[in-house]
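So you can see what is in the structure, the chains are spelled out below.
4 protein chains.
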Amino acid sequence: MSGNAFGALFRVTTWGESHGRAVGAVVDGCPAGLPLTKEDVQKELDRRRPGQSEVSTARQEDDWVEILSGVFEKRTTGTPISMLILNKDAQPGAYEALRHRPRPGHADYTYIARYGIRDHRGGGRSSGRETAGRVAAGAVAKILLAREGVEVLGYVIELGGVKASVTAADLARLGELTESNSVRCPDPEAAGKMISALEDARRGGDSLGGIVEIVARGVPPGLGDPVFDKLDADLAKALMSIGAVKAVEIGAGIESARMRGSEMNDSLIKGAEGIEFETNNAGGILGGISNGADLVCRIAVKPTPSISRPQRTVDLSTGEPVEIEIKGRHDPSIPPRIVPVAEAMVALVLADHLLRARTARI
Amino acid sequence: MSGNAFGALFRVTTWGESHGRAVGAVVDGCPAGLPLTKEDVQKELDRRRPGQSEVSTARQEDDWVEILSGVFEKRTTGTPISMLILNKDAQPGAYEALRHRPRPGHADYTYIARYGIRDHRGGGRSSGRETAGRVAAGAVAKILLAREGVEVLGYVIELGGVKASVTAADLARLGELTESNSVRCPDPEAAGKMISALEDARRGGDSLGGIVEIVARGVPPGLGDPVFDKLDADLAKALMSIGAVKAVEIGAGIESARMRGSEMNDSLIKGAEGIEFETNNAGGILGGISNGADLVCRIAVKPTPSISRPQRTVDLSTGEPVEIEIKGRHDPSIPPRIVPVAEAMVALVLADHLLRARTARI
Amino acid sequence: MSGNAFGALFRVTTWGESHGRAVGAVVDGCPAGLPLTKEDVQKELDRRRPGQSEVSTARQEDDWVEILSGVFEKRTTGTPISMLILNKDAQPGAYEALRHRPRPGHADYTYIARYGIRDHRGGGRSSGRETAGRVAAGAVAKILLAREGVEVLGYVIELGGVKASVTAADLARLGELTESNSVRCPDPEAAGKMISALEDARRGGDSLGGIVEIVARGVPPGLGDPVFDKLDADLAKALMSIGAVKAVEIGAGIESARMRGSEMNDSLIKGAEGIEFETNNAGGILGGISNGADLVCRIAVKPTPSISRPQRTVDLSTGEPVEIEIKGRHDPSIPPRIVPVAEAMVALVLADHLLRARTARI
Amino acid sequence: MSGNAFGALFRVTTWGESHGRAVGAVVDGCPAGLPLTKEDVQKELDRRRPGQSEVSTARQEDDWVEILSGVFEKRTTGTPISMLILNKDAQPGAYEALRHRPRPGHADYTYIARYGIRDHRGGGRSSGRETAGRVAAGAVAKILLAREGVEVLGYVIELGGVKASVTAADLARLGELTESNSVRCPDPEAAGKMISALEDARRGGDSLGGIVEIVARGVPPGLGDPVFDKLDADLAKALMSIGAVKAVEIGAGIESARMRGSEMNDSLIKGAEGIEFETNNAGGILGGISNGADLVCRIAVKPTPSISRPQRTVDLSTGEPVEIEIKGRHDPSIPPRIVPVAEAMVALVLADHLLRARTARI
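Residue numbers (our numbering), protein chains in the order written: chain A, 756 to 1117; chain B, 756 to 1117; chain C, 756 to 1117; chain D, 756 to 1117.
Pulled out of the complex, with its shape left as it was, chain A reads as follows:
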């Protein structure tokens, strides 16, 4: 079964393992005529790349993308866009010791359970490296969205228990604030505390979890395909499909469980350009269809499972319990690097539904 493709009309298939020759993505269904260059894609990949700051992994991933098809004279042609990123800094030998010893919190054991075979080098297909293909495809989606006035922005709002405060004023320059520090938090004060917390965790051979919020502005009302392919349902799948994500919230999210109907319901009001909503507990989606308000979602990201402390597991070749220590280069926290990946997934969902909406009426 082919689980490596996402989207119905704007569809991406990703491929590649952490320490294989390359990773890549094929985007099928991108409308013809869209201006697209390698630089548009590279820009997003650069945001995903590790090694950007003191708090992320030291592995040097160059991540140079090549566009092999689907673009002619700087425009998309309607044919598949194949993008390839070579794996350069692979050190597969580093993983040999763990070949038969599944790392806690990783997919090592479950891949064996499913497939009976596993490319164990650096996590293989279950590595975060796989997300390079998502980000490349998401870059194409973002260009399509931008033409329709839709912008997708992600940022860290909580890390290691430190919560950020994002004011209305911040929202105007969210992208800039987010990229101004290594934890991608638009609240500079909180960002400082998060960095300290990360340093503490790293020194203790441990890691931290956090929460990322993704906002899409300019989403027109009418996107989403009830009843199963609701916009929020597809967003939930898209975001939960990113490794390390353990929860997805839309709008008021978990808190809506503690509200009364009279608090939760967003009143419709007469706005300058038509219907608006007084509040946005819905997070921009009603009955699975966008309502024109900002689309707001959040993901809970678990702490990096690769920690340097000793951990208990079972050696699959002997069936005996063993203790392992994970060497190598690992981020002490995933949220800052997951930001562009989460944006990419939201952009892919929106691009797909933008096209789907074209067939909703005669």
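None of these hints come from the bench; they were simulated from the model.
Just so it is clear, the structure is predicted and the values come from calculations on it, not from any experiment.
There could be a bad hint or two in this list.
All copies of an identical chain are treated as equivalent in the list; a pair is satisfied when it fits inside any one copy or across any two copies.
Unchecked claim - In silico DSS-like cross-links for lysine-lysine, where the CA-CA straight-line distance does not exceed 27 Å: (1) Lys918 / Lys948; (2) Lys843 / Lys793; (3) Lys1082 / Lys793; (4) Lys1025 / Lys1082.
Using the hints provided, position chains B, C and D relative to the given structure of chain A.
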């Protein structure tokens, strides 16, 4: 675009509006040879039916299912199973006053934004009535799962701020405890408080949200199709596609954002029948593939949007602000009735992935 | 696996067995706002119904369709259109004698080989009765196409070796000519000979094959999705999926194998409203995309496998060879009745690709 | 819409243009544990490569394949298999003169009609070069099939009006006979005449069509998913999706239209290992499901549209009629080179249905 179907191999298409002739489901891809009777499906529909207790809506939905195809001599034949449930107690006239006045918290406005036309009677397709088809299909999935030793159980763990406590001892008789009260909460003491809170809310013309937990036991390791069709990704979509759900958690869920790697990681241990996990923060899924531990998910359900208090909206025929009051019969809280729906969605995902797993190896 | 659905955006799922309670179809993805009544569908079903003439089976199928959902105030709402046709004249007992004796030329043996179980009454799911659902769905597709100026017409051009001659003048009143005789052949002289041939075959306890041509006029250039979902590829699948079809031709079809490039290539010329083609060997499709010329396809239909002559088979309960005679009511030839079914399948493909084309450009 | 992928469970996505950087294929859904090397794929690509003989195009395509993912220690891992073939001998300049002048019989005009933009160099995506990706994917499918005892063989049975005669004795060494001459015809005498006919056509600046037959042996009974995804329906789509194919026949094909039921029906007989069929007019498929007999299909291939004779077309930049002559290297006939492509498509369908059949029963 066809958003009314769910699943890749075990696939259900639902159809029908709240106040149309009927609602139904077609299950395509159910393996041949499965014992199936009308009673198996009716039993689950009875759990979904409103009017079962003092806290749910007074509408009498008989919900008698008919199996029109796909079963021969009490066994499935591998051909589509078409199930139909007539709408009997429809009172469409009650909705005429709201035809042009979108109810806050409902899909009224967004259906118009998408389709330009809307069957406004009782919410039409966006009504909770649509879930009857899901429950019918889920009943078939449950029988397939039961053959493999998989059981799916849902229950309310929080309602109107009242939290239930579920002990290890309770888990042994979870189904029985859950069905013993009208709020489907396995903790009798909490259930009592929840019922009081609901009565309070109802008297105030208001409604309450809550949290439902769904556990699947006996799930074999190896289910789930990385990278996009991860088991948790498909569960997130399945659950978020249910109306009123605003968040989905797997395992430790939101709390994983506040944990350290050394706390979050579940150690692998040598169990009686192979690998086991010391804890279950992962909620039974690693890298998108089941690990053999209990599968645990939770959904946050918003308060019922139909409340009898006056609410502000805009009349679409005049463009002017108006105040509306919603008459009719409405549950003051959705979680107790959503339990069988959530179970059905989890069962559909597991049945689909059970079949998908058959093709994972040569 | 769910093989009972067809189409990507305009998608139909059919269900039902020959002698079960009912057959039906669910159309998902029909754009909102399309005028649709029960009569529109009934009209097409009436064309498919047997018992219309001396040459078709005597079974009385009333085929009254009910539209159970997806239509509100005589327009489609964008939600699934569920259509149901009760089975009234079923005589399942007539098939008991053949329960374990697969009829030559039928799917009896292969259904057992695949599923291990089979609803043997009247062919069950493999019966021609299944096509009622296709015709109902095709009726909806035809209305969508008519709005865009596309018309789909089928007719018998060969039966029992008798070939029809269709002149340019005939093309102007093709529908009328076709429906004027019981073999649906627009050439009245050939029709007379075909009817005689059928009577001969029936008297001899035998049956005849034939060829049906389907033309779609007004197809705009640009429909079809290379490389695998070419318009001709999807038509080939659609038509070959009809029982008894053993070949599909597009344009010059088989004869193109005997032509030279200089004969086969259709020259582009300057027409009144843009590009036209001097000839139409391509059958309206180049590189899998419609070119604006008439779309022309043909299907070869095998003789009805149910013949009253004695035939040899093997009794599956004993494993021994036996001779069988098939009782009951059977058409001596399928082509006349397959015409509306083939039109429906072509209409479904075109409706789907009409919607798909909406996303081909930015 | 994503039309560049084929298959439900064993799914290939191809990408790439004739004169872009590379062409390739991603196979998703191949079961884990299958032995696979680059050489297995290269062997099939070598058969597709032009320049093998005096009758095929002189372009030197090296067609070296690289497997970039999905294989570890010479076995598939269940993750996507990405294969890439660089385009080395591209001469895009040769096509500049035809940029605005659609070649008759080619997709030039229709790509513009659909996408408004076209990579005109060498046909771009509509070039036969695209089939390299199909052949690479088909090579993987063939290995999966071989494990189950299924073999797929294609050969030319008619070319330029010359018909081959294939005896029962030939069938035993069909592969060898087919590869023994440049027209891939197992009848050496007919092959000689075909080669002469080709030389004649080439000298006249013209081209020839022909017929290719594909046989699959060892197909187990039970493959195929009625009603729309019948085995023959999927084969028809697969084969018709190859450029230049204008007709697809199964078993007796077109001739079945001229047979009587008593001639067409294949009697079931008691064979050494179970049910067998006395004749094989069905071509191995009944009701869309394989019956265990040899699967037989044929395709009619039109003459190469690129001929050196002057042809009439319209210049799209001026709207005026013009005469063009096509320079460059072109095969005077497609059938010999289409053989491995047709085999690949049949293998892809069978591999997909082999996996699908695993879920047909409980």
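> Under a CA distance limit of 27 Å, which applies to Lys918 and Lys948: within one copy, between copies, both, or neither?
Replying inline: within (9 Å within a copy, 32 Å between copies)
> From the Cα coordinates, with 27 Å as the cut-off, is the pair Lys843 and Lys793 best called within, between, both, or neither?
Replying inline: So Lys843 and Lys793 pass the 27 Å test inside a copy (19 Å) and across (21 Å) alike.
> How would you classify Lys1082 and Lys793 at a CA-CA limit of 27 Å: within, between, both, or neither?
Replying inline: neither (35 Å within a copy, 33 Å between copies)
> For the identical chains here, do Lys1025 and Lys1082 meet the 27 Å Cα criterion within one copy, between copies, both, or neither?
Replying inline: between (59 Å within a copy, 24 Å between copies)
Comparing the model with each earlier hint shows a violation of hint 3 alone; every other hint is respected.
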